[in-house]
Amino acid sequence: MPQFYGTEIRSRLLLGTARYPSPAVLAEAVRRSGTDIVTVSLRRETAGGRQGGAFFELIRELGVRVLPNTAGCHSVSEAVLTAKMAREVFATDWIKLEVIGHHDTLQPDVFGLVEAARILTGEGFEVFPYTTDDLVVAERLLEAGCKVLMPWCAPIGSAMGPQNPVALRAMRAAFPDVPLIVDAGIGRPSHAATVMELGYDAVLLNTAVAGAADPAAMAEAFANAIEAGHLASGAGMLEPRDMAVPSTPVIGKAVFS
Amino acid sequence: MKLTVNGEEHELPAATLADLLALLEYEGDWIATAVNGELVHGADRASHPLKDRDRIEVLSPMQGG
Chain W
1 MPQFYGTEIR SRLLLGTARY PSPAVLAEAV RRSGTDIVTV SLRRETAGGR
51 QGGAFFELIR ELGVRVLPNT AGCHSVSEAV LTAKMAREVF ATDWIKLEVI
101 GHHDTLQPDV FGLVEAARIL TGEGFEVFPY TTDDLVVAER LLEAGCKVLM
151 PWCAPIGSAM GPQNPVALRA MRAAFPDVPL IVDAGIGRPS HAATVMELGY
201 DAVLLNTAVA GAADPAAMAE AFANAIEAGH LASGAGMLEP RDMAVPSTPV
251 IGKAVFS
Chain D
1 MKLTVNGEEH ELPAATLADL LALLEYEGDW IATAVNGELV HGADRASHPL
51 KDRDRIEVLS PMQGG
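Chains as they are written, first to last, in full-length UniProt numbering: chain W, 1 to 257; chain D, 1 to 65.
Fair warning: there could be bad hints in the mix.
What the hints assert, rightly or not - Pairwise CB distance ranges (calculated): (1) L62(W) with G37(D): 28 to 34 Å; (2) D104(W) with N6(D): 24 to 30 Å; (3) R55(D) with E123(W): 18 to 24 Å; (4) A217(W) with H41(D): 40 to 46 Å; (5) A228(W) with N6(D): 31 to 37 Å; (6) P176(W) with E9(D): 44 to 50 Å; (7) D29(D) with E139(W): 51 to 57 Å; (8) G28(D) with L231(W): 33 to 39 Å; (9) D52(D) with D104(W): 19 to 25 Å; (10) M1(D) with R19(W): 38 to 44 Å.
Unchecked claim - Where chain W lies over chain D, by a calculated footprint (3+ residues, C-beta under 8 Å): (11) 5-15; (12) 30-41; (13) 44-52; (14) 55-63.
Hints are computed from structural coordinates only; laboratory data are not their basis. All C-beta atoms, glycine included, are put in the ideal place defined by N, C-alpha and C.
Whenever a hint applies, use it, and build me the whole structure from the sequences.
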């Protein structure tokens with residue numbers, strides 16, 4: 001299994017915790033997925049409020065590792081402060097770093113991302129950057145101290161699946177030793193299987209499970225697809241060809257006329 | 001003293017960040033605090049003085065993707 005910052009993971013599926021119909025459904029989906037890493041966030045707590053505490057308790061009971069995010073941050077300073085506050089609450093150096101550059105596409109601001117990554121790694125954070133499939137940006141992130149990369153395959157929540165498999169393949173080839181996680185844009189298990197067949201180490205998804213009619217069943221479906229894609233990536237897949245090739249041997253075939 | 005807490009203005013007699021959290025009935029080990037854009041660790045809240053027009057953020061865990 002791959003290691004993220006020295007921690008060996010048990011599952012190649014990382015699951016988001018947002019947008020489930022209820023906490024009970026979230027808990028069941030996490031269990032059925034087999035994941036050991038879930039993403040979480042921070043938001044303003046109302047005076048006298050207990051919502052954050054209730055959610056925190058639920059996550060603790062699930063016994064999984066948390067990967068806090070900086071979702072919704074549009075500037076370097078916001079993302080850096082949010083990361084520090086997340087470390088305070090969740091007691092982990094891991095941070096899923098998002099610096100959003102565009103309101104409609106939620107495309108990462110890759111310039112701010114690299115800057116924030118450099119600041120945070122300097123302060124001892126272990127940064128999981130939500131990035132694009134741009135190889136130059138990826139190199140800059142590695143130079144900034146990131147040891148894991150998380151390229152999108154389509155805009156967050158779009159469910160479109162891999163829009164640029166060529167770029168994803170190039171990224172895998174360019175960074176054979178860096179753990180690569182496809183984060184964002186996955187809609188269905190076949191999308192997840194496709195990126196795993198390309199040799200990716202893991203998949204992070206949320207809406208595709210949370211928004212399904214039966215999130216727990218979908219979580220298990222994704223886990224199976226991810227494992228199947230991973231197994232296939234190391235098993236030597238056939239290349240497609242234009243013409244048919246008989247699968248049944250023709251040698252020794254009877255001749256009746 | 002005027003203080004902005006999570007974007008809302010309050011008029012409160014809070015000498016320290018810990019006083020403010022007590023006045024507004026925040027509790028639990030799951031909150032994180034920042035004053036004027038800088039993190040204030042839980043252990044430092046009682047010794048962190050507040051002044052007029054400080055901006056305070058109080059965050060807690062939430063579902064995220």
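We went through each hint and held it up to the structure:
1. Between L62(W) and G37(D) the beta carbons are some 33 Å apart, a value that agrees with the proposed interval 28 to 34 Å.
2. For D104(W) and N6(D), the Cβ-Cβ distance of about 27 Å falls inside the hinted range of 24 to 30 Å, so the restraint holds.
3. Evaluation of the 18 to 24 Å hint for R55(D) and E123(W) yields a pass: the beta carbon distance comes to about 22 Å.
4. Distance hint check: the CB atoms of A217(W) and H41(D) are about 43 Å apart, consistent with the given range 40 to 46 Å.
5. Taking the beta carbon of each, A228(W) and N6(D) are about 45 Å apart, not inside 31 to 37 Å as hinted.
6. Judged by the Cβ atoms, the range 44 to 50 Å given for P176(W) and E9(D) is violated: they are separated by roughly 54 Å.
7. A hinted range of 51 to 57 Å is violated for the C-beta pair D29(D) and E139(W), which are about 40 Å apart.
8. A C-beta distance of roughly 44 Å is found between G28(D) and L231(W), which places it outside the suggested range of 33 to 39 Å.
9. Restraint check, D52(D) to D104(W): a C-beta distance of roughly 40 Å breaks the suggested window 19 to 25 Å.
10. Between M1(D) and R19(W) the C-beta distance comes to about 39 Å, which sits within the given range of 38 to 44 Å.
11. Using a Cβ-Cβ cut-off of 8 Å, 3 residues of the region 5-15 of chain D lie near chain W, which meets the minimum of three, so the contact claim holds.
12. Under the rule that three or more residues need a Cβ within less than 8 Å of chain W, the assignment of the region 30-41 of chain D holds, with 9 such residues.
13. Residue count for the region 44-52 of chain D with a Cβ under 8 Å from a Cβ of chain W: 0. That is fewer than the three needed, and the coverage hint is violated.
14. Counting residues of the region 55-63 of chain D whose beta carbon lies closer than 8 Å to any beta carbon of chain W gives 7, which reaches the threshold of three, so the coverage claim holds.
Hints 5, 6, 7, 8, 9, 13 from the earlier list are contradicted by this structure; the remaining hints agree with it.
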